[in-house]
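Just so we're aligned: 556 in our numbering is position 126 of the sequence shown, and the numbers increase by one with no gaps anywhere.
To be clear, the hints were calculated from the coordinates, so they are not data collected in a lab.
Here the structure is a predicted model, which means the values were calculated and not measured.
Beta carbons: idealized from backbone N, C-alpha and C, even for Gly.
Treat the hints loosely; a few may be bogus.
[Claimed, not checked] Computed spacing ranges between beta-carbons, pair by pair:
no., residue 1, residue 2, range
1, H453, I657, 22 to 28 Å
2, D570, L607, 20 to 26 Å
3, Q454, R593, 33 to 39 Å
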Amino acid sequence: MHPLMTEIGRGIAMMNLVQIEQHQGWAEIILDRPARRNALTPGLAAQLTTALEGLSRSAEVAAIVLRGADHCFCSGIDLKALQSNEDPGSEDGVWHQASIRALHLALYRCPKPLICALEKYAINAGAALVFACDLVVAGDSAFLQIGEIQQGSDIPINAAWLRLKTSEQTLARLALLGDRVGATELAHIGLIQSVVPDDEVLTQARVWAARLASFPVGAGDVIINRIRSFRPMDPETVFPVSTNNALLTAAQVKS
431 MHPLMTEIGR GIAMMNLVQI EQHQGWAEII LDRPARRNAL TPGLAAQLTT ALEGLSRSAE
491 VAAIVLRGAD HCFCSGIDLK ALQSNEDPGS EDGVWHQASI RALHLALYRC PKPLICALEK
551 YAINAGAALV FACDLVVAGD SAFLQIGEIQ QGSDIPINAA WLRLKTSEQT LARLALLGDR
611 VGATELAHIG LIQSVVPDDE VLTQARVWAA RLASFPVGAG DVIINRIRSF RPMDPETVFP
671 VSTNNALLTA AQVKS
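With these hints in hand, go ahead and build the complete structure from the sequences.
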């Protein structure tokens, strides 16, 4: 077993929804539900949390790249699984909403620079994963969508990240219209840093990660923690416990 995998811990051996690839001085976390377009479930969220927390403890990791399998980032919450209250990735097969919030607490607390490789799309809960990252590179045909308004649902996680990283006007533009926002506009409003041809997204994300790994050991950690020191101190207040069940009763499932 690679020393990094040993450092992450035994939980990694049980992962089947998230994959980790170790590189020289950095790592990739891959959302691995391609048949469901990498849709998020509590089981996937729990495995992603385990991976993040393990990599965060490793002195061998200068940066973490987050991407989706099969060149697709994330289609959002798996609404079919949610409406049936089933989660094939959890130990008991039941949907546990708290795992989604726990994931974002882990992302908020992550002491490593997070790089998102945004391929194809990031929808609803998938968009929140993009906003959680420090650097984002997107393909020129990629888009992001916060479409919960079409389902009458709240956006506690997306709103929390966007209020940390952008203006109220930008949050309103994304959340109230609920439309697809392309990579060019996302770059214009400062939510992503680079737009490249679709087939170069992962290459660019890896270039950034390798660059961070080339700096003195711990340098990226120091800078990213200085940047994040201006955030509210208590992440428990940033991500409120959601009580909204609109998705459970939505008449239409769009997944």
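Hint check results:
1. Evaluation of the 22 to 28 Å hint for H453 and I657 yields a pass: the beta carbon distance comes to about 23 Å.
2. The supplied range of 20 to 26 Å is met by D570 and L607, whose beta-carbon atoms lie about 21 Å from each other.
3. Separated by about 36 Å at the C-beta atoms, Q454 and R593 satisfy the suggested range of 33 to 39 Å.
The earlier numbered hints are all upheld by this structure, with none contradicted.
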